[in-house]
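Asks: Below, each chain spelled out in residue letters.
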Amino acid sequence: MSSPDATASVAARELAERRRRPAQRIQQLLHGHPAISPALILVVTCVVFSTQNERFAEPGTISLMVQQTAVVAALAVGQTLIILTAGIDLSVGAAAILSMMVMATYGSEHGLPGPVALALGLAVGIVCGVVNGALVTGLKLPPFIATLGTLSVFTAITLLYTGGQSIQQMDMPELLGWTGEIHAIGDFRITNGVLLCAALYLVVGFALSQTAWGRHVYAVGDDPEAARLAGIRTPRVLFSVYVVAGVVYGIAAWILIGRAGAASPNAIADANLESITAVVIGGTSLFGGRGGVVGTLLGALIVQSFTLGLSLAGVDDQYRLLAVGILVVAAVSVDQWIRKVRA
Amino acid sequence: MRATNNEERVPVLSARGLVKTFGRVVGLDGVDLDLYRGEVLAVIGDNGAGKSTLIKALTGALVPDAGEISMDGHPVHFRRPQDARDAGIETVYQTLAVAPALDIASNLYLAREERRRGVLGTVFRMLDKKGMRQRAQQSVRDLGIQTVQNMSVAVESLSGGQRQAVAVARAAAFGGKVVVLDEPTAALGVKESGQVLRLVESLRERGLGVILISHNMPHVWEVADRIHVQRLGRCAGVITPQSHSMTDGVAVMTGALALS
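Protein chains in written order, with this note's numbering: chain R, 1 to 343; chain E, 344 to 603.
Chain R with its partners taken away, still in its complex shape (with noise of 0.2 angstroms):
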């Protein structure tokens, strides 16, 4: 009884090896490992544009690369938690710079210490996080209408409240542009805004990826009808991720004051955008379940390596666009192909 068997299934397992054409076995690598295709990407950016220019691969230059991406890339941490529960959020840039300004204001107008003024600003990026979660889970609205509307809101209620008016970091407590400083560490030059930032990957990334909490993240946004099936509560799961990203928004936001060494109400315009873009280049699903973290931060990296490697090579900063726009695409396209995989 057991020979037959088994001989049947060493044919259909032979049978399986020689339909596993090389493309198949890549879009299976590709389907385990989503992070390799920016990882590879980045590797290449980076071995071209320093064989174009010496001046790209220098301690000084990949040490501003790394600052100028902090603020993205910490935005793209809550971008991406809300992208892997199938949602989007356009309302990143408005909620950061609310909780900001919020910072800046009570910390130099009202000349309260930075650790409370710290505190508000971070209660002001959770209570947008809160709204937003509510619209979405409360409300059962689609994510991108919801943000769309907190956008609006965020942005008049930031213009309203600082009459439009830039607070520079010398009029605010030392703490608040902490994020800063600069370390020297041989010739590269760290921020604690950097280290803040990678501290946010760290953390956000064990929660993904080790705790029962990032299962369940995966699960909502894959399949939530199995996932309420299989016993998560899963309007509970997607108010947390809202809460988690409120939370980032307002770290990045006291990044933001360090790196612009001010608190503007019109900073980060593109910050909608630029968080999306290093999510959906990194390889996080835009319809959910898939992705994480680590390629969210080689999005970033590869947006950010791209504008300095073209500024240094003195081209026209439409060609950033365009190959930034190019990227995109083709990462979807990539989405879309790795998602058909069949073992």
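Hints in this document: simulated from the structure, not taken from any laboratory. Wrong hints could be hidden among the right ones.
[Stated by the list, open to error] Reference excerpt, derived from the structure (chain R facing chain E, CB under 7 angstroms, subset only):
(1) Thr-211
(2) Ala-212
(3) Arg-215
(4) Ala-219
(5) Ala-226
(6) Leu-229
(7) Ala-230
(8) Gly-231
(9) Thr-234
(10) Pro-235
[What the hints assert, rightly or not] Chain E stretches covered by chain R per the calculated footprint, using a threshold of three residues with CB under 8 angstroms from any CB of chain R:
(11) 419-430
(12) 434-445
(13) 453-462
[Said to hold, decoys possible] Chain E side only, calculated, beta carbon under 8 angstroms to chain R, not exhaustive:
(14) Ala-404
(15) Ser-449
(16) Arg-468
(17) Met-469
(18) Leu-470
Computed from a prediction, not measured in an experiment: that's the story for all the values here. Virtual Cβ for every residue (Gly too), placed ideally from N, Cα, C.
Please arrange chain E on chain R, whose structure you already have, making use of the hints.
Replies: Quick look at chain E alone, frame taken from chain R:
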């Protein structure tokens, strides 16, 4: 251990007068059901007869508009699938309810993940991935499922039969009192169907109550102790494979034969 003397025993799961409507459509129109320990109760009925609605009401996926459900004689109110699970009812849905991108072990332990011992588990909430993978492998092996080997493979890369095996293994591994299987053999070949039916029998031998929804009459007549015939949202009667032939069963199902 075939069910006898049902009158003397308290059913492990019992429903009285279940009603569920969807707008103007009546899904359940006052349905009674009794399930005892160590028996397989099949539920048959035509499409739209209310089989799936009945099962969803019993397992917390739907909240019935009216009617009562009790377990071991105590009334229960399920608002979510988790409530039914906590009460010891495991369900294999027709849609399988597996997360395609997650691997087999993660799916087996979905919503009841186990954490590591010590500080890593309590403070850092770290999952015991290795342990869950090993135990998943063990439960799959215990059920004699040979088609699924590697627990770290994503479910979406499995065939329909393999996915079914994963879903059944999940229910069997955690089933406390009752296991509900909605069309478990619909997508399977002859050999895999046979394996699932053996599995149903082994669940009965463990003393669990099993509800089996199926369109496949030979499968039903092979393993069921009693057969609940659902018709137009009502229970048209409860028969046994001994009292009625398959042809009779189909006749009751379609209304050609009325039970007194």
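Asks: Does each hint hold? Answer for all of them.
Replies: Verification of the supplied hints:
no.	hint	result
1	Thr-211	holds (5 angstroms)
2	Ala-212	holds (4 angstroms)
3	Arg-215	holds (6 angstroms)
4	Ala-219	holds (4 angstroms)
5	Ala-226	holds (4 angstroms)
6	Leu-229	holds (4 angstroms)
7	Ala-230	holds (4 angstroms)
8	Gly-231	holds (4 angstroms)
9	Thr-234	violated (10 angstroms)
10	Pro-235	violated (11 angstroms)
11	419-430	holds (count 4)
12	434-445	holds (count 10)
13	453-462	holds (count 5)
14	Ala-404	holds (6 angstroms)
15	Ser-449	holds (6 angstroms)
16	Arg-468	holds (5 angstroms)
17	Met-469	holds (5 angstroms)
18	Leu-470	holds (6 angstroms)
When the structure is compared with the earlier hints, violations turn up for hints 9 and 10 and for no others.
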